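At position 491 of the sequence shown the residue is numbered 473 (the working numbering), and the sequence of numbers has no breaks.
If you're looking for bench data, these hints aren't it; they were derived computationally from the structure.
Please read all numbers here as calculations on a predicted model, not as lab measurements.
Using N, Cα and C, we set each Cβ at its ideal position, and we do this for glycine too.
Everything hinted at is true.
In silico lysine-lysine, DSBU-like type, Cα no more than 35 Å apart, as pairs: (1) Lys367 / Lys320; (2) Lys259 / Lys367; (3) Lys320 / Lys259.
Here are the computed distance ranges between Cβ atoms for each label pair: (4) Ile445 / Met470: 21 to 31 Å; (5) Phe275 / Ile351: 19 to 29 Å; (6) Thr271 / Arg399: 33 to 43 Å.
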Amino acid sequence: MTYGHMFGWTDEANPSNDNSAGMTNPRQPNWTTDKAPATKSANLLPTRIHTAKNIMNTSDGQLAAIYSGWATPTAIFPTDTGSQGFMIWGAALVFIMTPGLGFYYSGMVRAKNALSLIMICFMANSVVTMQWIAFGFSLTFSEGSGGFIGDFAHAGLSNTGPWAMPLTAPAISSTTFMLYQLMFATITPALIFGSVADRFRILPAMIFIFFWATFVYDFVACWTWNVNGWLHNLGGAGNGSFDFAGGGPVHIASGFGGLAYAMVLGVRYRRGNEEFKPHNLVNVFLGTTLLWFGWVAFNGGSALAASPRASMAASVTTIAASAGSITWPLWDYIWSRKMSGLGFCSGAVAGLVAITPASGYVAPWAAVIIGSSAGVFCNMTCRIKTVFGFDDSLDAWAVHGCGGVLGGILTGFFAQRWIIQLDGSLPLGGWMDQHWIQMAYQIVGCVVIAFWAFFVSYIMLIIINRIPGLHLRPSEEEEILGADLAEMGEVGYELVPSSLEVLDEKATATATV
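With these hints in hand, go ahead and build the complete structure from the sequences.
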């Protein structure tokens, strides 16, 4: 019996291909009358099974058994051990991005604020992990959800174990899928703090992270990646807005969330003509290395299986980063006749951001264009942001927010069907395949996520700031002292407290005289 017969894809031209002998359930299911899974996306089942068939050596007998018990939430779906290992290690590599981000941000600020940036990145990981296992994963990915937000079928990791989520990640266990997606959820709110470096308090920031993960990330990730998500199905089952690895839920959401945070806090305190320069470019390069390293798994692992599409996504990721790391400093050279190390690192990150939504949809030559465009475009948004009067400290909005929008739109242009079909998926392509409406879907996705992230973040920040003891910004004296000492009572470098002790001694001596 053929897979087509088994799942309702009748092969009229080759009726002799029926090899049902030996099957445990030779009856041909009828999708219009048989009991469908408890989900609104039953029409996606043939596509998902087609994908699974291309990833795993799954027998007809196994698939028949799967079908017979599909309506049971814990029905065992045969997972691929190679993909399991691939995704577990992928989760570990994506985790490295969070401390990498901490190092990246810490090097870009003044020394007195370096440790607080590393701290908030690690804290985001811990806070969101608790939220994710409690209900965040369920709200985002439950397969019986509506198109707007999920349900609590997996709350507390119930119905999560060695079985797969067949409509979402048929090649790996639901536990592995949960772990991998957790790493996306943890780094996203950490990105926000690049917009408010030097002037945030840690305790209210922790509370903001928890609620932001719930009301911003979980919502937009559900719209984008859940099999029932309205953006995912904007043009029909699985043919909505294309976002392979998080251009919208990760970068646009964090960038515009950071913009809201920066607007609520206001500009940094500046003494005279003080300039806010990076204090440690070695940390910036170290952070860039860890981000680039983890990003290969961030995008490649979003195939959710060890497949040719995963390999392509990983390849175009490093290609785009390389292109961006060249065009950004070249653009700097046009303006200042200098090619800075900071420009190299910023360009690499811009290329990585822009290729994120496109990585599983575009060819290598398109990755060169996307990365190069991001290097120039994000460089320009960093230059013009001051016109708008807000202080985006480390360019989180300019690089992640704007770069995510650029990548999302270019995905609609360069997406090609032959790339998408590398793992057996069946959606239509973009403009390269004359699927003209795809660009409209991409624009809708970018605009909706940007507006949701900005306004929900802004409202939450206003509410938190009005709660006694949870004011978002430190006092002017604390800001001058630095977040490391004011907020943590610690410093990143021993030379900092020694210098402060000398200053205190001089101040005491002056007062005595």
